[in-house]
Amino acid sequence: MRVVLADDAVILREGLSRLLQEAGFDVVGQGGDADDLLELVERMQPDVAIVDIRMPPTHTDEGLRAAKTIRERWPTVGVLILSQHVNSRYALELLSTGSDGIGYLLKERVSDLEELTTSVNRVGAGGSVLDSAVVAELVGRPRQGDNPLEHLTEREREVLALIAEGRSNRAIAERLFVTEHTVEKHIKSIFGALRLPQSADDHRRVLAVVTYLNSQ
Amino acid sequence: MRARLALVGAIGLLACGGAVWLAAHHLPNRPTEPGPALELLVGISLLGCGIASWRARPENRIGPVMVLTAFAWFAAQLIEASAAWLNTIGLAVQSVWVIGLVFLLLAFPAGRLHGRLDRWLIVVGAAAALGLQLMAMLYGNRAGLRCPGCADNLLQFTHDNHKALAWLSLQRLIGAVLLVTVIVVMLRRWLLAGAAQRHAVAPVLVAGCATLAALTATVCLDLAGDPLGALPANVYFALMATVPVAVMFVFLQRRLARGMVAGLVVELGGASAAADLRQALARALGDPSLELAFWFPSEQCYVDLDGGMVALPEPGSGRGSTFIERDGQPIAALFHDPVLDQNTGLVQSVCAAASLALENERLQADLRARLIELQASRARLVEATDSERRRLERDLHDGTQQRLVSIAMSLGLLETRLPSDAPEARPLIRETREALTLALAELRELTHGINPPLLTERGLAAALDELCHRAALPTRLELALDQRLPAQIESAAYFMTSEALTNAAKHSHGSEIRVVATYADRSLTIEVTDDGIGGATTAGGSGLRGLADRVEALGGRFTVSSPPGRGTVMRAEIPCV
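For the record, the sequence lines run as chains A and B.
Numbered per this note's numbering, the first sequence spans residues 1 to 216.
Numbered per this note's numbering, the second sequence spans residues 1001 to 1577.
Chain B with its partners taken away, still in its complex shape (with noise of 0.2 Å):
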C-alpha cells in the first residue's frame, strides 16, 4: 500500500512539475488560466492530500478520486504543450477535473454517491465537460477562438467561431446550473445532518460551497461575454486548493464519526463472529490495538474473546478504557489506545452503533460457555450416574449378598446339628434357606441389572454377547470391537442395547433382532434392529428419552427410525476421544 502510494505520489510530481513548466511557458494571451504558483498550489493540495487521505482511509474512495482529479487537473495544461496532439489531449479534457471535485464534494465523506440525484448530477456534468468540450473543438482551438501561436487541434474540422462558442456557452450554461445544484444539494444535506456530522464535514462544506461559488460566479461572467475576469477566476483556483486540504483535515482529524459509524453498521450486519466484530471497531476507531471484552453479569466481571478473565487497566497503564452500557447494564468494556479518549464523540458514537450487535454477542458468548458448561455437567451426571452404580452394584455384593449368603451357611450348619428328636424344625429351616436362595436370586437380577459384573471385568463386547443371549427374543450379534472403551461409553452402550432388546421385546411383536456394535474412527456405532410393528419413539417419558440422553450427554448422537409396520432401527453414535 505504502508502496503503491510512493509511486503514485512519484508520478503525480512528475506531472505537477511538467504541468507547472507548462504553466511557467504559457501564452500571454490566456490571462484567465492558472498561473504557475496557482497550478503548482492546486496541483500540490489535490495530489499530497489526495494520498494523505488514501492512506488515512484506503477503503473509502475520496482519496483516490483527489488523485485522479489532481492528474486531470494536470493534464489540463497540455494546452499549452507545442505538440498538437498533446494540446488535443489537453483540450479535451481541460475541464474533467471539475467533474472530480464535483463528485469528491457529494460522496463526501462516505466517498458513495447518496441517491440518483448525485448520479444524474454526475452524468450531466460529464456530459458538459466532455461531450460538449469535444463538439466545440470540431468547430475551433481555444475556447472556440482563433488561437494565433497555439498548436493545432487534431478534431478541428473547419473553423466556425458561432457553433464553437454557442457548444461553449451551453457549456458553461449547463456547468452553472450543475454547480448551483450542487451547492443547493450541499447545503441541504448538511441542514439535515445531526450535529456530530454538522460540526465535522464543515470545513468541507465552507471550502467546497465558496470554491463552487467562485466557480460559478467565473462561469456566469464568462457566458456574460467577460472571459478575461481573471479576478473570480484566480479567487476560484485559490479556493480550489483549500477543498482537498479540508477534506484531508477532517480525515486525519478522525472526526467522522457519523461517517464511520455508518461504515461501521453496513460492517456489523455482515460480521459474524466476535473476532470480525473487534476488527470492525478497530477499524472504525482507527486502533488496531484495540481489545474487546464481554460483561458476565452471573460472573460480574469482564470475559475476553478466548473467554478468560480481564483485568480492568490501571489508569496511567498507557491503555484507556470505554466501558459500554446498554439501559444502563454495562455489555462490554474497549482497551484502547488512550489516543481516542481524546476522541469520546467518536467513541461514543461507535460504542452505540455498536451495541446492539455488541450486547447480541455477548449474549452469544454468554450462551456459548453456558452450553460448554451444561455439555460438561451433563457428562458429569452420566458418570457420577456410573460410578454411583458401580459402587451400588459392588456394596450390595460385598454387603447384603455376602451376609445373606453367610445366613444361608449358618443355616445349613443349623440344619446338620439339629437333634433327630425335632423333626418339626427340619423343613422349617430348610423351607427359609430356599427362601433365602430365592430372596439371593432376586437381589442377583438387580444387581445385575445396575451393573453387569461382565461389563466392568471385561468389557462391553463380552457384556453385550452376554445380554444379547439373555435376550427374550432370538438376536443375532455382530461385534467390530476388539478393545475396552471408556467406562462411561461401555456404559452407555450398554444399557442402550439393553433397553432396546427390552423394548423390542414388550411392544415390537417381532421375531427377530439384530444388534450391531461397531468401533471406527474413533466412534463407537450401535445400531439395534428388530422386524416388528414399528412406532417406537423418544417422545413423552419412554424409556428411550432417557437413553437419547445419556447418549447425546457424551456428545453422541440417538435416533429412532420406526415407520409403522417397516420394524424399528435404534441407533447411537458416541465419540470416543
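In isolation and in its complexed conformation, chain A is listed as follows (with noise of 0.2 Å):
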C-alpha cells in the first residue's frame, strides 16, 4: 500500500515513516506542509495521504483543510488526520465530507504498530477510523432536551461507541466477548432507538452515528 506522509516536525515525521516500513506500508513522499502534500497526493496517487493536523504557517488546522481538499480532488485517496488533540469537532468536519476512507487518530496511537497498520489498511481500504478518544467524547457527550442516545442502555452505548470507531460486528462480538448475534440485536435496538433506517454497511453505520452526533 503506497503512503505519503505531512507532517512539519522531521523528528516524527522520519520516525512515523521508519514505523510505516517496518509495517511493510510504501512510503513514497514526505511533506513539511500543506502544499507539499497536495502537489505529493497529485504527482503520487497514494492510497493513503497520513496528514498532521497543525502545519505551517499558521499551525492550526492546515492538515484539516488540505484533508477536505484531497477528499474533494482525488476522492480514492484515503485521508488519515493525525492531532494531538481530542477534537470530535475537527473529526465532525472531517466525516462531514464522507466517511469513506476517512481516518482521525491521535498522534501517540502509531507507536502501536499493530493499531496503525491496521488503521492505514481500513482506511486504504476506503474504510473510517475514529479515535476511541474522539468517539468517547462523542457518545459521552451530556444531552440537554430530548436525547435518544439516553434511551440506550449502557451495553448499547459500548456498542455504539464501538460501531463509532468503525468496527466490525465481528469484532465488537469479540471485544465484548459476546456473540455475534447478541451484537447484531444490540444493533437493531440501538437503531430502532436512535430511529435510523439498518443497513449491513459498517460504513454507513459510522455514518449514520456521526451524522446523527453531528445534528445534535
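Since the hints were made in silico from the structure, they are not lab data.
Being a predicted model, the structure only gives us computed values, none of them experimental.
Glycine is no exception: its CB is placed at the ideal position from the N, C-alpha and C atoms.
Any given hint could be a false lead.
[Unchecked claim] Derived coverage of chain B by chain A (criterion: at least 3 residues anywhere in the stretch with Cβ under 8 Å from a Cβ of chain A; other residues may be distant):
#1 1390-1402
#2 1407-1417
#3 1425-1437
#4 1457-1468
Combine both chains into one complex, guided by the hints.
Structure (C-alpha cells):
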C-alpha cells in the first residue's frame, strides 16, 4: 500500500516513516506543509495520505483543510488525520465530507504498530477510523432535551461507541466477549432507539452515528 | 453687553441733558438745589463711572446701581419742569437717589448687602425718602412751602404748611440718624477688614464718609430751619461726585483682591472640574488667557488640563507665570498676562484662596492619570498572560509533546525489532509505551487547560460549544455570536465560562446549567446559570475573584447573583472596542 506523509516536525515524520516501512507500507513521499502534501498526492496518487492537523504557516488546522481538498479532488485517496488533541468537532467536520476512506487518530496511537497498520489499511480500503478518545467524547457527551441516547442501555452505548470506531460486528463481539448474534441484536435496538434505517454496511453505520451526533 | 451699555449711556446722556437744561432754567428762589454745573458733574460722574464699573465687573451690582442712581438724580430735576405731572414725579423721587448712594456704599465692594442691619437701613431709608416725601406732598408743594411760579403738585389736596413741614422734618430727622448710622457701619467694617482690603477700599470710604457727613450737615441745617444754607449743600454735591469716581477707580485698579477672592471662594465651592477652576481663576484675575497647570511630583513636571506636559514660559516671552505652593510643595502654576506681575497682591490672594481647590484638583488629576495608567496596565497584564498561555501551549505542543510521541514511536519500532528470544522484554516495552500514552493524555489535558486550541483556531463560539459538551453537568448553550472577537476578550469569556462550569459542577449541587453568549452593540455578554443551591461569592480568594479581575481589566463588568437556594447566575459584560 502506497502512503504519503505530511508533518512539519521532521523527527515525527521520520519516525512515522520508519514505522510504516517496518509495517510493510510503501512510503512514497514526505512533506512539511499542506502545499507539499497536495503536490505529493497529485504526483504520487497514493492509497493513503497521513496528515498532521497542525502545520505551517498558522499551525492551526491546515492539515484538516488539506484533507478536505484531497477528499474533493482525489476521492480515491484515503486520508488519515493525526492530531495531538482530542477534537471531536474537527473529526465531525472531516466525516461530514463522507466517511469513506477517512480516519482521525491521536498521534501517539501510531506507536502501537498493530493499531497503526490496522488503521492505515482500513482507511486505504475505503473504511473509516475514529480515535476511541474522540468517540468517547462524542458518545459520552451529556445532552439536553430529548436525547435518544438516553434511551440506550449501558451495553448499547458501548456497542455504539465501537461502531463509531468503525469496527465490524465480529470485532465488537470479540471485544465484548459475546456472540455476533448478540451484537446484531444490540445494533438493531440502537438503530431503533435512534430511529435510523438499518443497513448492513459498517461505514454507513458510522456515518449514521456521526451524522446523528453532528446534528445535535 | 457693549451695545446694551452704549444704549444705557445714550439714554443717560439724554436724561442728563434734560436735567442740566432744567437746572439752568430753575426758579431763582431755590438756591440750595444744584445748579447746572453741579447737576452735570454729579450726573456724569454717576452715569459714566456706573457704566465703566458695570463693564469692568458685569457680575457686580454696583455698576447698575450707580446708573440707576444717576437716573434718579436726573429725575429729581423734574421739579423744575412746567408740566404739573412732571413736577409731581420730580417731587416724589426727589430723594430716591440718596437710597442708591447708601446702597452703593453699604454694598461696596462685593455688590451685596452684608446682613440684616444693611437691609434695615435700606428699607428705612426708602420709607423716609419716598414714603414721608409722599405724605408731605399731600399738604404742600416744594419742601412744604408755598411755591409761587411752581407747577402744580397733583398729589396735594390741601395746603397745610405745618403738616407738610412736620412730615419733612421727620424725614430729615430719620435721614440724619440713618446717615450717621451708615457712616458708623462703614468705619467699623473698614477697621475690622484686613490690611489689603482696607488699603483697597480706602478711596471709596473716604469719598463716601465725606459725602455722607456733608449730607448729614445739610440735613441738620435744614432741620435747624436754615434751608438756604447753600454752602454745605454745594460741598455735599461736589463730594457726591467723587464717590462714583472712587468706586470706578477701585474697580479698574483691580485692587479689590479680597472682594474678588471672596467671589472666587464662592465660585470655587461650586467648581467641579479643572476647566471650571481655570475659568474661575481667569475671571477673578481678569485675564481670559490664563492657563492652569498642575504639578506632578512623580514626573517632576507641570501638566496641563489635557494631561500634556507644559514647558515654562521663558522670561520676556510675553507670558508671566505664578507658582502656587502649599506647605512648601509646588501644586500648580498659572501662566498669564505679564500685567498681573504688577498686581502681585491680587494674584497672591487669589492663589491663596484657590490653593486648596487647586491641590484638590491636582490630586484628582493625578488620580485620574493613575487610574488610566492602572487600567492600561491591567489590560496589558491580561494580554501578557494570554500571550504567555498561547506561547506555553505552543511550546508544549511543538516540544515536549512531539518528543514524547517520537519516543513512543521509537518504542514501537523497538518492539518490532526485538529478537523473538527475548520474551521478557516485550511486556516491559508495552508497559512503557502505555505509561507514555498516559503521560501524553495528561499533557494533552494540561495544554488544553492552558489554552484550548479550538479557541485560537475556531474562536469563542466553537470553543464554548466544545466546553459545554465536555462539562460535567448537562449544559445547554445558547449562542448569538457569529464572529471572531479580539483574542483577549475571547480568552476572558472562555475562561470565565470554564471556571463557572467547574464551580457549578463542584459546588452548586445543581442538575443543569445554561450558558448564554450574546454579542450585541459592540459588547459581549456571557451568562452562566445553574439551578443549584446558590451562595457563591467573589469574596476571598476564590477563583471567581480572578474571573472578575480579568473581566474588569478589559473594562467589563462581572456580577454574581447567588441567593441561597435559588441557583447562581454569573454574568460578564465585556465591551469590544
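Status of the hints after comparison with the structure:
Only residues whose C-beta sits within less than 8 Å of a C-beta in chain A count toward coverage, and the segment 1390-1402 of chain B has 5 of them, enough to reach three; the restraint holds. Evaluation of the coverage hint for the segment 1407-1417 of chain B: fulfilled, as 9 residues show C-beta separations to chain A shorter than 8 Å, against a requirement of three. Proximity of the segment 1425-1437 of chain B to chain A, defined as three or more residues with a beta carbon under 8 Å from a beta carbon of that chain, is established by the 3 residues found. Proximity of the segment 1457-1468 of chain B to chain A, defined as three or more residues with a beta carbon under 8 Å from a beta carbon of that chain, is established by the 5 residues found.
This entry satisfies every hint, going by the numbered hints stated previously.
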